[in-house]
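Colleague: Kindly generate the complete structure, drawing on both the sequences and the hints.
When the sequence shown is numbered by our numbering, its final residue is 425 and no position is left out of the sequence of numbers.
Do not rely on the hints blindly, as some may be mistaken.
[Stated by the list, open to error] In silico EDC-like pairs for lysine to aspartate or glutamate, Cα to Cα no more than 20 Å straight-line:
1) 175 / 155
2) 248 / 351
3) 175 / 196
4) 374 / 105
5) 199 / 394
6) 199 / 423
7) 157 / 116
8) 374 / 351
9) 157 / 144
10) 175 / 193
11) 374 / 109
12) 248 / 336
13) 199 / 409
No lab work stands behind these hints, which were simulated from the structure alone.
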Amino acid sequence: MNVPSDLRVALVGGFGHAVSVFEEWAETRPQGLEFVGTAPAYAGEDLSGFTVHHWLAGFGAEVFPDVAALLHETKPQVLVISTRPDQIPVVAKTALQHGCHLILEKPIALDRGDLRKLHAQARAAGLRVMAMFTMRSIPALITARETIAAGMIGEPVLINSRKSYKWGLRPEWFNQRGLYGGTWPWVGIHNLDMAWFLTGKRVLSVTASHCNLAHPMMPHCEDVATGIFEMEGGARMTVSVDLCRPESAPSHGDERIRVVGRSGVIEVDPQANTCRLSDTAGGLRDLPVGQKPGRIFTDFLATLGANDSASDLSAFHLTDAALAARDSADSGQTVRLDVAEFC
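Modeller: Here you go:
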């Protein structure tokens, strides 16, 4: 896919998954893409974790004191925002006013009302918005998606998804809901994205819970979360999230997803990059999985040359579903979603 020529990209922030964006661009080397500068999202934010990246460093771009200066001086067409969650929608609003397409760390908002305002603003401006759902580039998930789309398991009726992270070293702001936003929108959204990516089914309602059981030093950061989701077509999904993976484990994260169809079952271990299918045609077997990751951020750049202005609407729906799960856990009530909002 061709990337529009002379495309200026800038970065705001120093926390999150932006390194995945830059790693992909360093690998794919899109022609005509120029990195023009970076800035902190808030006073005192440390950018060093990103500015040392070899793809950024190769451009020798300037570090600006704030977002306003960055946007005024560099006039980027694409802004990568990867920062503390409370600042993401704040910077996104300003960037849309300056005509920027957006690649955002998730969640793209911490409040469902703010999410709707962001969607309306992007739609009115004809600008594209993509969230950093990095798991979509994992070959095993791509294989599972293609297998399900080919009808190998029939219509999906049940999804089981789990994600486990090490606690590690977490900034103090993880203990402040207003800055962190909650474990459902920060971690659980990956579970929702895996399900969406594999089946295309959106969430209709959620009944969820969350609590802190293992890290009393940060009581306001939930380290355990569970949810039951009603999906389009009547399918059901269970999700479990924890921040209790042993520090001695070989990887920071561990996840699984299992999709049950009317005529088969597919199970994916993204960490091991394996995909196993069980169906009436061939019994239980491991499917061949490639090693080359998908190019989701490069593909996004290529869409900027299209005539239509549709965003990746799943960024809005999945954020809405994750926030609904958090709100359900807070209230003890089932929360319903209007899936037509982001069509």
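Colleague: Each hint should be assessed against the structure and marked as holding or not.
Modeller: For each hint, the structure was consulted:
no.: 1; hint: 175 / 155; result: holds, 18 Å
no.: 2; hint: 248 / 351; result: holds, 17 Å
no.: 3; hint: 175 / 196; result: holds, 10 Å
no.: 4; hint: 374 / 105; result: holds, 13 Å
no.: 5; hint: 199 / 394; result: holds, 16 Å
no.: 6; hint: 199 / 423; result: holds, 12 Å
no.: 7; hint: 157 / 116; result: holds, 12 Å
no.: 8; hint: 374 / 351; result: holds, 16 Å
no.: 9; hint: 157 / 144; result: holds, 13 Å
no.: 10; hint: 175 / 193; result: holds, 14 Å
no.: 11; hint: 374 / 109; result: holds, 11 Å
no.: 12; hint: 248 / 336; result: holds, 9 Å
no.: 13; hint: 199 / 409; result: holds, 18 Å
Figure legend: structure checked against the earlier numbered hints; every hint is met.
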